[in-house]
Amino acid sequence: MKKNWAKLTIFFSTIAMLTGCKPLMVLDPKGPQAQTQAKDIMLSISIMSFIILVVFVMLAYMLVKYRASKQSKDYKPPYIKGSAVVESICVGIPVLIIAFLSIVSVQSNNKVESIPKGYEHEKPLIIYATSSDWKWHFSYPEENIETVNYLYIPTDRPLEFKLYSDGPITSFWIPQLGGQKYAMSDMVTTLNLVADVPGEYMGRNANFSGKGFAENTFDVKAMPESNFEEWVKDVKKTAKPLTKDKFTELLEPGHLGQLTFTGTHLKYLPPKTGENGGHNHSSSDVPKNSNNEHADHMNH
Amino acid sequence: MNFFDRFAIPHPNIAIYASMVAIGMTVIAIIAGLTYFKKWGYLWREWLTTVDHKRIGIMYLLSALLMLFRGGVDAIMMRAQTAVPDNTLLDAQHYNEVFTTHGIVMIIFMAMPFIYALMNFVVPLQIGARDVAFPRLNALSFWLFFMGAMLFNISFVIGGSPDAGWTSYFPLAGNKLSESVGTNYYMIALQIAGLGTLLSGINFITTILKMRAPGITLMKMPIFTWSALTANAIVVFAFPVLTVALLMGTMDRLFGTNFFTTTNGGMDMLWANLFWVWGHPEVYILILPAFGVYSEIISTFARRNLYGYKSMVVSMVIISFLSFLVWTHHFFTMGQGALTNSIFSITTMAIGIPTGIKIFNWLLTLWKGKIDFTVPMLYSVGFIPIFTIGGVTGVMLGMSAADYQYHNTMFLVAHFHYTIIPGVVFAMIAGLTYWWPKMFGFMLNERIGKWAFWFIAISFNVTFFPMFFAGLNGQARRMYTYSTSTGFGPLNLLSFIGAIGLAVGFGLLVYNIYYSFRYASRNISSDPWDARSLEWATHNPVPAYNFAIIPEADSIEAFWDAKQKGSSLFKGEYKKIHMPNNSGVPFIMSCLIFTWGFSFVFSMWIPVVITTLGVFVCMAHRSFEIDHGHYISVEEIEETENELRGA
Amino acid sequence: MMKIDNSLPLEYKTEQNQINILGFWIFLGAEIMLFGTLFASYFTLVNRTGNGPTGAEIFEITPVLIETIVLLTSSFIIGLGIHAMRLGKKTAVMIFFAITLLLGLVFLSFEISEFVHYVHIGAGLQTSAFTAILLTTLGIHGAHVTLGFFWGLFIILQIKKRGLTPEIANKSFIFSLYWHFLDVVWIFIFSFVYLKGMM
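Residue numbers (the working numbering), protein chains in the order written: chain B, 16 to 315; chain F, 1052 to 1698; chain C, 338 to 536.
No wet-lab data here; the hints were simulated from the structure. Honestly, I wouldn't trust all of these hints.
[Said to hold, decoys possible] Derived list of chain C stretches under chain F, where covered just means 3 residues or more per stretch with a C-beta under 8 Å from a C-beta of chain F:
#1 354-364
#2 403-414
#3 445-453
[Said to hold, decoys possible] Restraint ranges, calculated between C-beta atoms of paired labels, are given here:
#4 B/114 - F/1071: 55 to 63 Å
#5 F/1570 - C/483: 56 to 64 Å
#6 B/91 - F/1687: 52 to 60 Å
#7 F/1376 - B/125: 19 to 27 Å
#8 F/1113 - C/426: 45 to 53 Å
#9 F/1230 - B/253: 36 to 44 Å
#10 C/435 - F/1314: 20 to 28 Å
For clarity, every value in this text was computed on a predicted model and none was experimentally measured. Cβ atoms here follow ideal geometry from the backbone N, Cα and C, with glycine treated the same way.
Using the sequences and the hints given, assemble the complete structure.
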């Protein structure tokens, strides 16, 4: 069984080599949400490694020391019922570990669901991300522009992504900026992200949605605010308006390249909220549409 | 021709056509063989109409091994397709069908029957009973499972495979986005098999509570039997949830209802919730009997009693209970907010605690033992470190904020394979090897078995460990391909190499069965491992009535203690033994249900109505039936016992 | 196995009888989960009426009250039937069972006409998520009652032919458990579907 040790060492080193010595995306955060998550991941890896080590060491010890070939022929193993003390330790230490991780988890949950610390007083940039088979439509309602399959975002500014879907459940994910969240057809979910560092990042749908799922990706480019403003101005000057017909055409199942428009799709495919369709779970502001959660309750 | 159009495959390819031919030829070969060797009568009398738990267990076992082959082929195809970037071995549609089938087959049609094979064969023997509480129902459970499996398995050659993932989320699984009948097969085959499982749940709980031999109190039961009790308790409370979910899914697809649609109030999230309220307990249904197997094997081959029997029992009860309180961790990212996620994050991580105590108790069972590295023992000690990796990554996934990064990535795929394969599959192979001599009267070859173990254990890690890294690097699950620029190539190639190793290992397993069947000595002891529990106190082969005299036990390891003391567990005289009669009704009823299911899948309503009536006729027949079984006379018992003792 | 314990009521007298009754209680546990899931889904979907009507708009108190009284009475009657069974009164048992089943039929006929009415006023199975879960919950309960009707009928026929053996007493008792269970489920339906919906 000592062979297991050697094997593990080989694995770890091989894999380190195979990832090309570039840090793994999730562990290479470029924003505070991803930072929180990466920290939690590294913390849990270290604690879990400790547990794995204990189990491996105990196992190796038992197997080496008590294997039959090492014992005398007529050795009769004793009857050992168990010990309340030992059991308490074996339960107690995991309880402490889980309690600690629970506290960390609850704190992080609240962090990733809200605007990151330091950015609470800034005005968030609201972007509606809508998935349709198998592309992403991004509406910037305040700037009144729309992109397909790519995102330009300013750094150091809170981003409030409003997610929903025209069709199957999808998941909006930019690993280096933060975790993912589902986009569904009967409610709007909210994802708060911030990009600290300018650069180009991968984004993709992480929830299987059929034939075109694998290619359901989008590019993200984070740039300083001034550059972003310039880009918006540029788009308003040069891009064509998004007509209803054009948008209906875009919704057809298939893959599209990167497209840019003025105007948004929000009036053609408004996010569904309200009693008959659904309701909004997000912690942020009440949706723009007529029905809201409070109106629902008044109908009783 | 229009009528037959519906059976056409929507997305044919060469492999599917080849399979059609292979299936057809196999069916013909089986029918021809049975006819030529005049074995129809034998088949009907000994297997199709049996209500004997041992025979039923063997039928479950054969089915599970067959399904392991199918699921394994699916896996190889998947790993081959993703071994290199932009591969064209399988296109997206076929890849989607393959991973959907792989998941369903492995969980519902391989792992479930495997645990029921072992529970069926072993539990009545371990508690000193002659059969389960409801033998007729037991047969029905098996045939329902079998028909569900057969129905599901013909989908890819008639009508088309489901392709929405084993989780079949709506609206993807709805009519609009999954047009073929594939998802109908999913809804209906799982419903049929699920019904069989539910009936087994009731059967085993009643058996264990009511039919233990004198002296075997609950806290003196063998630990495997305890694991069966807790697992079946979960079955009784979890499977009805699946029943409702599948019913709603069927109605949405076939009757135009709006449970999970995107219009008229439909709620796609409801499917996800209902599926996982069943789905999470399901994985604990699988793992608890596996834990039971490990407890028996580790104890036997360390030549020591199980350390901490009481806490082992309590931990399984707690796990059963907690398993119902964690389901939301399967969709932390579905937008329910920090409070809900926090609650389920805590309950999820909490389940690691009773599981952890079991790992430590197994380690302490090895302490001061005399460890014999037989094949079952190898799997068991291999399980401990590998499963621990799976378990701790589960705790990692339970931290919901971090899960926002792990969810639906290869990290998740690695986690659940790191728990299911060393957890359930290793246990099933170990249990199979361990109880094989009791089932079939000969031992599996140790040398081949050890080669198989090493191939499987090492290849498993080579296959799945890289996936943790691929997931953290942005590779989502269920992706049929990826581009070179993503950098996922080398890790996936490593997984493929591992998969080949796994194929070799499982191939050796099958070879072992063939080789041992041909060459192994049939002249073995009825207790070849020098084991500790009551099932080993029977003859080889186990007679139909199990025990000539019901044993009297007074300790947890009554058989072991009797061996040490030189005393006998069987006191008293032979008395005539009451046994249930065989019956063809479970098989016939299940054939009707298969036809019902097939007709339902294709919306052929007249056959549906006719077969429904047929099923009710079977049930009415059962109600009016007077069947008090038969008695085995004392003379017959004496004869059998003398024969077996002499052998 | 066929040892008869005369200190216990007729339905428990043999070991197989006791096993059957325990098995059936466990089955009822599964049924509780089944209906529990339906109720949980009902509460989740009750307001998702899409373009269709709400409960308040379609429920009518009179037929529902009649259904409730009929079913509760039938439960009482079968209680009398089991009591008569323990006293060994074969004819009384058959009569009480027959009345129970007859009341069951009355319940079913009201429910069927209720369904037909809903379809006519545009609250059919396909109208909305709410109507789907409403009709499915009511329908599954009704299907259970229908199955029970035939099961009870077969038991009456067996009592007539074979008398009150321990085996038949066992079957009758288990049937009564089933029937009482359906009654309990109906009380929940009456309270949380109809009454709450009409408030």
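Hints, one by one, checked against the model:
1. 354-364: With 6 residues close enough to chain F, the hint holds.
2. 403-414: violated (count 0)
3. 445-453: The restraint on the stretch 445-453 of chain C is violated, since only 0 of its residues have a Cβ under 8 Å from chain F and three are required.
4. B/114 - F/1071: 55 to 63 Å: Once the Cβ atoms are compared, 57 Å apart, the range 55 to 63 Å for residue 1071 of chain F and residue 114 of chain B holds.
5. F/1570 - C/483: 56 to 64 Å: Holds: the Cβ-Cβ distance is about 58 Å, inside 56 to 64 Å.
6. B/91 - F/1687: 52 to 60 Å: Check failed, 40 Å falls outside 52 to 60 Å.
7. F/1376 - B/125: 19 to 27 Å: Holds - the Cβ-Cβ distance for residue 1376 of chain F and residue 125 of chain B, about 21 Å, lies within 19 to 27 Å.
8. F/1113 - C/426: 45 to 53 Å: holds (52 Å)
9. F/1230 - B/253: 36 to 44 Å: holds (41 Å)
10. C/435 - F/1314: 20 to 28 Å: violated (47 Å)
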